[in-house]
Amino acid sequence: MAPEEEVAAEEARVGEAVEQNDIAISVRGLKNSFGDQVVHEGLDLDVRKGEILGVVGGSGTGKSVLMRSIIGLQTPDEGEIHVFGESMIGRLDDEALAIRKRWGVLFQGGALFSTLTVAENVEVPIREYYPHIGAELRDEIAAYKIRMTGLPAEAGPKYPAELSGGMKKRAGLARALALDPDLLFLDEPTAGLDPIGAAAFDDQTRKLQQTLGLTVFLITHDLDTLFSICDRVAVLADRKVIAVGTIDELLATDHPWIQEYFNGPRGRAATAAVARESGKAAAHPSDGRQ
Amino acid sequence: MNKAADLVEEPRDDGTVVRLTGHLSIACLNDLPARLDAVTGPVAAIDLSGVSHMDTIGAWTVHRAAKRLGCDLSGANDDAVRLIETVGTLDEPVSIRPDYVSPWQRIVGQIGEAVVNSGVTLLGLLGFFGSTLVASWNVIRHPSRFRLNAVVQRFEVVGVSALGIIGLMSFLIGIVIAQQGSVQLRQFGMEMLTINLVGRLTFRELGVLMTAIMVAGRSGSAFAAQLGTMKLTEEVDAMRTIGVSPMEALVLPRTLAVVVMMPLLGFYSSIMAIIGGGFLCAVSLEIPPITFVQRLREVVPITDLWVGLIKAPVFGVIIALAGCFQGMQVKANAEEVGLRTTSAVVQAIFLVIVLDAFFAVFFTWVGWN
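Read top to bottom, the protein sequences are chains A and B. For the first sequence, counting from 1, position 284 maps to 284 in UniProt numbering; every step adds exactly one. For the second sequence, counting from 1, position 322 maps to 322 in UniProt numbering; every step adds exactly one.
Please note that the accuracy of each hint is not assured.
As the list claims (entries may be wrong) - Pair ranges (Cβ atoms, derived):
1) A:GLN74 x B:ILE111: 44 to 50 Å
2) B:GLY243 x A:ILE196: 50 to 56 Å
3) B:THR241 x A:ASP194: 19 to 25 Å
4) B:VAL108 x A:SER33: 43 to 49 Å
5) A:GLN259 x B:ILE165: 37 to 43 Å
6) A:HIS221 x B:GLU234: 32 to 38 Å
7) B:ILE165 x A:GLN74: 33 to 39 Å
8) B:ASP72 x A:ASP203: 47 to 53 Å
9) B:GLU234 x A:LEU251: 51 to 57 Å
The hints are simulated quantities; they were obtained by calculation from the structure and are not laboratory data. What you are looking at is a predicted structure, and each value in this text was computed from that prediction instead of being measured. Built from N, CA and C at the ideal position, the CB exists for glycine as well.
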């Protein structure tokens with residue numbers, strides 16, 4: 001196929017999806033099971049374009065399985081999954097490729113390729129999907145992506161084994177952002193980071209989301225992350241999404257798990273922290289962190 | 001409407017104006033970066049009013065062109081300005097790969113590193129042997145700390161489970177030796193000497209040696225992988241904090257199991273090899289089994305059996321120590337478990353063969369030949 005045709009085809013698809021509606025991911029009637037154990041049943045979820053959706057749930061409620069189903073690593077037993085208006089179930093690999101270029105995934109441990117340096121890791125998706133981009137430009141793109149995620153310039157030629165946990169996550173984020181995706185999946189991005197590192201990572205995520213207009217699907221256990229950067233929160237329990245909404249809306253529901261989650265001692269502490277923060281921000285309209 | 005990125009050069013009094021149009025995104029850039037690189041001469045401005053969409057890669061392309069040509073941007077909408085400013089602040093050299101090292105320097109460095117590593121490993125192995133002896137002495141002084149269950153469990157894993165594969169391997173080796181030997185000996189008309197060959201070779205050397213190689217591959221590697229994984233998951237550290245000595249709880253039972261099992265497996269292996277040799281003699285040389293056994297009793301001295309049985313526990317110590325030592329050396333990541341497992345097997349087999357050569361000289365010296 002000539003490059004022009006390819007571009008035209010891609011653009012036609014992009015245009016169509018944009019015009020359709022403002023839903024980035026739509027999941028309907030999802031069912032997942034492993035042997036006898038049913039993880040999801042009749043799960044519905046919509047992720048709107050340009051929002052950060054936090055996904056919470058107790059251990060073993062299938063948060064990661066939900067993410068893996070959406071990105072096609074796990075074939076669900078039943079249900080429909082649409083990403084940017086395109087069905088993701090039963091697609092051939094090369095059909096799904098066009099959609100895959102439009103998302104980036106940060107796995108829990110970073111999942112960096114251990115034989116490549118950080119910069120080479122960032123270059124992998126570019127090299128794979130857009131081989132016509134020259135080596136020099138590719139190196140430059142990798143360089144600014146690394147700086148964009150807050151890594152120091154010295155991190156570029158390092159191997160993943162030489163990085164700390166926080167740096168690995170940032171490097172993973174840089175790789176996820178390599179193709180300027182519209183959609184970003186983050187699986188517990190702040191797990192295992194110290195509070196300062198976690199807050200910085202949240203800040204970075206928010207800033208990137210605003211600069212690049214990203215839609216973010218964020219799995220987390222971190223209440224501070226939920227309170228500080230998520231636009232809406234989806235709660236997974238009893239094999240489905242039991243509630244979606246802003247934290248205030250969730251607090252208004254009377255589901256015992258949600259009440260315990262947000263009103264437990266940790267939840268109250270996070271609420272108080274956010275209240276303090278917004279009080280400070282009101283006192284000094286220009287945020288000092290910039 | 002074609003959204004592929006494109007550029008037009010328009011001459012103006014104060015230089016060229018480069019007009020960019022279409023989607024400046026990674027999917028639509030095509031050869032635009034190269035064409036932008038080819039633009040030379042005084043450029044007055046890069047005009048972005050025809051750009052309908054831009055991502056950071058497009059913004060970077062514009063930024064580098066503007067920087068190279070030293071010109072202004074015009075006609076950009078707010079989003080584009082924001083993106084170009086953002087990538088502009090990130091413009092800082094980042095090296096992609098580690099610095100280049102010349103092959104000569106690298107090879108010399110690697111040789112040096114390998115020499116130092118072998119020395120360190122050998123010393124470490126010696127030290128590990130020492131701590132195993134200390135741990136054994138502690139257990140002898142306090143017999144209540146002896147972990148009988150752990151040892152018996154290892155007996156099964158190291159010994160009983162290996163019977164099938166070692167038996168089959170030895171049987172086949174016996175056949176091969178008898179067959180190859182008989183072909184050569186037939187030239188002198190001395191096919192009966194095949195029995196000497198099979199009997200003496202298997203009891204003195206092959207039975208124990210092949211068993212040692214098999215046990216190193218089966219159990220030495222398993223020890224390294226098990227202990228390595230336990231180190232990674234901090235199980236070993238947890239043991240220490242509870243007051244359990246990993247040497248006593250993990251290393252001693254394994255070592256003891258291999259030391260006890262090696263002579264048994266070695267003897268079993270020799271017998272299986274002789275059965276294999278006898279089988280071939282009966283089938284292709286027409287030596288009846290009863291003659292085979294009688295002849296065997298005449299030509300194989302009892303010292304051959306002792307030679308094999310004395311070597312076996314020593315080889316066992318080496319295999320167990322190499323496996324446990326390498327396992328306990330695991331520090332950083334899962335990849336190291338694989339590397340350490342490989343070194344455990346390689347070191348065990350290498351040391352077993354080196355020691356076997358010393359034993360051969362020693363037994364000749366004491367007259368057991």
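Exercise. Given the hint of 19 to 25 Å, check if B:THR241 and A:ASP194 actually sit that far apart at their C-beta atoms.
Key: 23 Å, holds
Self-check item: Range hint compliance [Cβ, B:GLY243 to A:ILE196, 50 to 56 Å]
Solution: 36 Å, violated
Quiz prompt | Range agreement (Cβ of A:SER33 with Cβ of B:VAL108, hint 43 to 49 Å) | solution = 58 Å, violated
Quiz item: So does B:ILE165 sit 33 to 39 Å from A:GLN74, Cβ to Cβ?
Solution: This hint holds: roughly 38 Å between Cβ atoms.
Quiz item: When you take the CB atoms of A:HIS221 and B:GLU234, is the distance between them in 32 to 38 Å?
Solution: At 21 Å between Cβs, range violated.
Quiz item: For the pair B:ASP72 and A:ASP203, does the Cβ-Cβ distance stay inside 47 to 53 Å?
Solution: For B:ASP72 and A:ASP203 the Cβ distance comes to about 32 Å; the hint is violated.
Quiz item: Taking 37 to 43 Å as the hint, is the beta-carbon distance of A:GLN259 and B:ILE165 inside that range?
Solution: 60 Å, violated
Practice problem: Can you let me know if the beta-carbon spacing of A:GLN74 and B:ILE111 is within 44 to 50 Å? | Solution: Since the Cβ atoms of A:GLN74 and B:ILE111 sit about 48 Å apart, the hinted range of 44 to 50 Å holds.
Self-check item: Consistency of beta-carbon spacing, A:LEU251 to B:GLU234, with hint 51 to 57 Å
Solution: 39 Å, violated
Comparing the model with each numbered hint stated earlier shows that hints 2, 4, 5, 6, 8, 9 do not hold.
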